[in-house]
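2 protein chains.
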Amino acid sequence: MRLSQYFIPTLKETPAEAQIASHRLMLRAGMVNQETSGIYTWLPLGLLVLEKIQKIVCEEQDRIGCHKVLMPTIQPAELWKKSGRYEAYGKEMLRITDRHDREMLYGPTNEEVITDVVAQYVKSYRALPLVLYQIQWKFRDEIRPRFGVMRGREFLMKDGYSFDLSSEAATETYKKIYESYLRTFRRMGLTAIPVRADTGAIGGNLSHEFQIVAPTGESTIYYDGHFESLSAEDMTFDVASKLYAAADEMHKVEECPLPVEQLKTARGIEIGHIFYFGTKYSEPLGAKVTTPDGQTIPLEMGSYGIGVSRLVGAIIEASHDDKGIIWPESVAPFKVGLINLKVGDAKVDALAEGLYNHLSTKDIEVLYDDRDERAGTKFADMDLIGLPWQIVLGNRTLDTGMVELKNRKTGEKVEIALEQVADKI
Amino acid sequence: MRLSQYFIPTLKETPAEAQIASHRLMLRAGMVNQETSGIYTWLPLGLLVLEKIQKIVCEEQDRIGCHKVLMPTIQPAELWKKSGRYEAYGKEMLRITDRHDREMLYGPTNEEVITDVVAQYVKSYRALPLVLYQIQWKFRDEIRPRFGVMRGREFLMKDGYSFDLSSEAATETYKKIYESYLRTFRRMGLTAIPVRADTGAIGGNLSHEFQIVAPTGESTIYYDGHFESLSAEDMTFDVASKLYAAADEMHKVEECPLPVEQLKTARGIEIGHIFYFGTKYSEPLGAKVTTPDGQTIPLEMGSYGIGVSRLVGAIIEASHDDKGIIWPESVAPFKVGLINLKVGDAKVDALAEGLYNHLSTKDIEVLYDDRDERAGTKFADMDLIGLPWQIVLGNRTLDTGMVELKNRKTGEKVEIALEQVADKI
Chain U
1 MRLSQYFIPT
11 LKETPAEAQI
21 ASHRLMLRAG
31 MVNQETSGIY
41 TWLPLGLLVL
51 EKIQKIVCEE
61 QDRIGCHKVL
71 MPTIQPAELW
81 KKSGRYEAYG
91 KEMLRITDRH
101 DREMLYGPTN
111 EEVITDVVAQ
121 YVKSYRALPL
131 VLYQIQWKFR
141 DEIRPRFGVM
151 RGREFLMKDG
161 YSFDLSSEAA
171 TETYKKIYES
181 YLRTFRRMGL
191 TAIPVRADTG
201 AIGGNLSHEF
211 QIVAPTGEST
221 IYYDGHFESL
231 SAEDMTFDVA
241 SKLYAAADEM
251 HKVEECPLPV
261 EQLKTARGIE
271 IGHIFYFGTK
281 YSEPLGAKVT
291 TPDGQTIPLE
301 MGSYGIGVSR
311 LVGAIIEASH
321 DDKGIIWPES
331 VAPFKVGLIN
341 LKVGDAKVDA
351 LAEGLYNHLS
361 TKDIEVLYDD
371 RDERAGTKFA
381 DMDLIGLPWQ
391 IVLGNRTLDT
401 GMVELKNRKT
411 GEKVEIALEQ
421 VADKI
Chain V
1001 MRLSQYFIPT
1011 LKETPAEAQI
1021 ASHRLMLRAG
1031 MVNQETSGIY
1041 TWLPLGLLVL
1051 EKIQKIVCEE
1061 QDRIGCHKVL
1071 MPTIQPAELW
1081 KKSGRYEAYG
1091 KEMLRITDRH
1101 DREMLYGPTN
1111 EEVITDVVAQ
1121 YVKSYRALPL
1131 VLYQIQWKFR
1141 DEIRPRFGVM
1151 RGREFLMKDG
1161 YSFDLSSEAA
1171 TETYKKIYES
1181 YLRTFRRMGL
1191 TAIPVRADTG
1201 AIGGNLSHEF
1211 QIVAPTGEST
1221 IYYDGHFESL
1231 SAEDMTFDVA
1241 SKLYAAADEM
1251 HKVEECPLPV
1261 EQLKTARGIE
1271 IGHIFYFGTK
1281 YSEPLGAKVT
1291 TPDGQTIPLE
1301 MGSYGIGVSR
1311 LVGAIIEASH
1321 DDKGIIWPES
1331 VAPFKVGLIN
1341 LKVGDAKVDA
1351 LAEGLYNHLS
1361 TKDIEVLYDD
1371 RDERAGTKFA
1381 DMDLIGLPWQ
1391 IVLGNRTLDT
1401 GMVELKNRKT
1411 GEKVEIALEQ
1421 VADKI
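From first to last, the protein sequence lines stand for chains U and V.
Just so you know, we're using this note's numbering here: the first sequence kicks off at 1 and counts up by one.
Just so you know, we're using this note's numbering here: the second sequence kicks off at 1001 and counts up by one.
All the given hints hold, so there is nothing to weed out.
Pairs of lysine-lysine residues, derived as DSS-like cross-links and limited to a Cα-Cα distance of at most 25 angstroms, are as follows:
| id | chain 1 | residue 1 | chain 2 | residue 2 |
| --- | --- | --- | --- | --- |
| 1 | V | K1068 | U | K52 |
| 2 | V | K1068 | U | K362 |
| 3 | V | K1424 | V | K1409 |
| 4 | V | K1378 | U | K68 |
| 5 | U | K52 | V | K1052 |
| 6 | U | K362 | V | K1362 |
| 7 | U | K68 | V | K1068 |
| 8 | U | K81 | U | K123 |
| 9 | V | K1055 | U | K335 |
| 10 | V | K1176 | V | K1123 |
| 11 | V | K1176 | V | K1052 |
| 12 | U | K378 | U | K413 |
| 13 | V | K1012 | U | K288 |
| 14 | U | K55 | V | K1362 |
| 15 | U | K378 | V | K1068 |
| 16 | V | K1378 | U | K123 |
| 17 | V | K1378 | V | K1342 |
| 18 | U | K12 | U | K378 |
FYI, nobody ran anything at the bench for these hints, they're computed from the structure.
No experiment lies behind these values; they were computed from the predicted model shown.
Produce the complete structure using the sequences and hints provided.
Structure below.
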C-alpha cells in the first residue's frame, strides 16, 4: 500500500479524552474515529488489525471443530422473556421498538438465540457434541464508556456455545476450549492467565476469565507466581487449574491456599471469559435431545467469549513504547514499512518502487511511505504505527546500494544490501 | 468437513411461508433460520456462501484502490439532523433511545457518518481521489419483509463512498466503480444489466441500478436487446451507457428511443445501486478541501451499494433446478461433495477417507457425507445443497476402483479411477 494514496489520518497531538496508552495510540495512529460515546468507526489501519485478530480466532475455533454461524444483531424480545433475562438484564440492554410496536433488542450476548436454533434442529444425541460460534457486533449500553475500544458500547466479540449430552462431556468441551483460548492468545503474542471467575449475568457453576497483566487493567487479579514460569505449551487445563488464580470478586484472603510470597497481585485486562452453566437456558427454551436409551433430556451448555475489538486495545497495552505501537507480527496491519527519504530522486524512487513490488510479489505486506515529507515526520509516523520492520532508503542507498533495516521492537538497525532485504525479512 | 459432525439442518418439507425458490431452498438446505420477520441467523452453509461473496466484493474494491473501513451500526441522530434526513427517512429507519435518552439510530445507509469522518481528516486536494467502503449490517424496518434474505430488515451490504475535487473527477470515479461492479457480479456467475435509475432517498443527479433478470424479480426493467449479445468484456461504461436501459420508474414509453422489436422487458432483481450526488452531503456536513489554487470547496461525492446478503438469494434465483441449488464455483460453500454409499464397509471407508484427505491437502474444499443414511437421502441432500461436483464411492469402487464424478450443473456423470479424480477437478 502506498501511503500517499492511503487513508491513515495520524494525529500529532495527544487527544485530551484518552486516558490510557492504547486509546491514545489508536487515535494518534489513525486507527479509529469516535462517533459518539463508546461507538467507533474503524479506519483502514485499525480494521486490518481487527481482521487479523478475527482470522486467528476463527482458525483456532475451526481447529477444534467449532462451526461458524452468524446471528442477527437485532432480536425479538420473546426469547429473552422465556429465559427470564429480558427484565433481569437492566439498562445495559439496548431496547428497541420496531414500527409495529414489537419489542426488540440489540443482542448483548446470544445464549437465547442460539439455544432456540439448536432446540429447533437438534433432536438426537448423535448430533453431539456441537459447538457453534460467531464473530458479531454486540451492544451494551455502558453507563460510562471509556478507554476507547476497551470498554465501548458497540463492540466485536467472538461468542461460542457448546451443547453436550452430559456434564462430563460438557466439562471435556470446556477444557478443550480453555486450552484453545490459551493458544489463540499466544498467537497474538499474549500470555493469558486463566482465573476463576464469577458467573455474573450468564449464570452457571464454572467460569474462567482470561486476563493479561497490564498496569491499566480494570480489575485486580490474584495468582500463583508459578504461572510466570510455565511455558506456553505446558499451560494445559489440568496444570493451570491446579494453580491458584482468582478474579477480584472470587479472591478471599482467608481462603487463599498460597503462601504470601507466592501470591502475585496485578492489574488485569479481561480478554476472554468462559462459562459452564448446565441446563440454565436449554430447560426454559426447550433444547432437548433423545439419549441412546430413549430418554429426552435438556442439553448441557457452556458459552465462550473473546473480546475481539477489545483485543486490539489490549495488545497495544501489552506492547508499546513512548514512540508508539509495537505490533506482534501475527496481528500487524503490515509486516514492513518502507521509507523512501529521497522522494523525487528518480534513482531512489526506482529502487524503492522495485523493492515495493518485489516484497509485494512475495506476499509480504508493505506500507510504502512515498509521501514528500520530512525524514523526521516519516520516522515518527512509522514508529507510531508500529509495523514490525522498517526499511529505509536514502542517500546511502544511492552511494552503496545498502538499505537500513530496523526492528521496531528491539530498535536494532542493520545495514543490508537492498537485494538481500526481502530474504532477511 | 465431515457431514456427520457438521451442522446442516436440511428440511424435507417445503416451508409454507416461502414464496420464491431462493427462500425455499435456503431454508430447505439449512442455510438460514428466521428469528423474526425479516431477520435471520446464518447457519454454517449459508455463512460460507455469504463469506465467499464478501471476499469477491472486497477483492474487486481493493483492486480499484478503494479502502476498507467499518462504521458502527448504531449512530447518533445529530449527523442525520444536519443532513436533513433524520425526519425525511420515515419509518424505515430504526430509531433508538439510549439509557441517557439520546436519540440514536441503526444505520440504513451511511453517507452522514462517512462524510463526517472525511470532513475531520481530509483537508487538501492532495488526498483525493478517495473511496472508502465497508461491508456492514444495515437495518431498514420494511413494513412487509418478504422473500427471505432478498428483502430482509437486517441485511448485509457493501456501501462505498467517493470523494473527488471536481464533477469531472467524480464522474471518472463513478465510471470506474460502474465497471468494477460488472466485473464483481461476473465473478459470481451473474450478468448484471446497469439501468438508469431514480436517485430516491440518497438524492443526486446520476444513478444506475445493477439488475439481473429473473422471473421472481420485484421490479420491471426495460432494456436494449443488444445487452444480451454483449460479451462481458465488452460491457464498459462507454458502451453500456449508450444502450437504453431503464428501471420501471424511469421508463417512459413515449421517450424510449428503441424500436419496439429491440426493447426487452423483464423482471429484475436489484443487486447493486450507484449514485453520483455532488455536494448534497459535503455541504451540510462541512467536508471541504483546499484546491491547488487555494480555494476551499465542498467535495464531490458518490455512493455505491452492493446487496451482499441479497446476492445469496439472487444467485440461487439465477441458478437452481427442481432438485435444489446449483452454485457457481466461485461462491460454492464447498467445491466437492464426497458421497460414501457404503459407510461401515472398512474398505470403502478407507478409500473415502483417503480421498477426503487427499483433496483437503490439495486445498479443494470437500463436504464428506459420511453419515449412515440411505443412498436416496444422500443424493437428494447433495443435489439440494448444490455443490458443483459430486464424487460417489460405492460397490463399483470396491469392484473396479472407479468412482462416479457428477457435474451438478450439467448432470453429466463419468466413471473415473479414484486416483485420477482430484486432478480431474
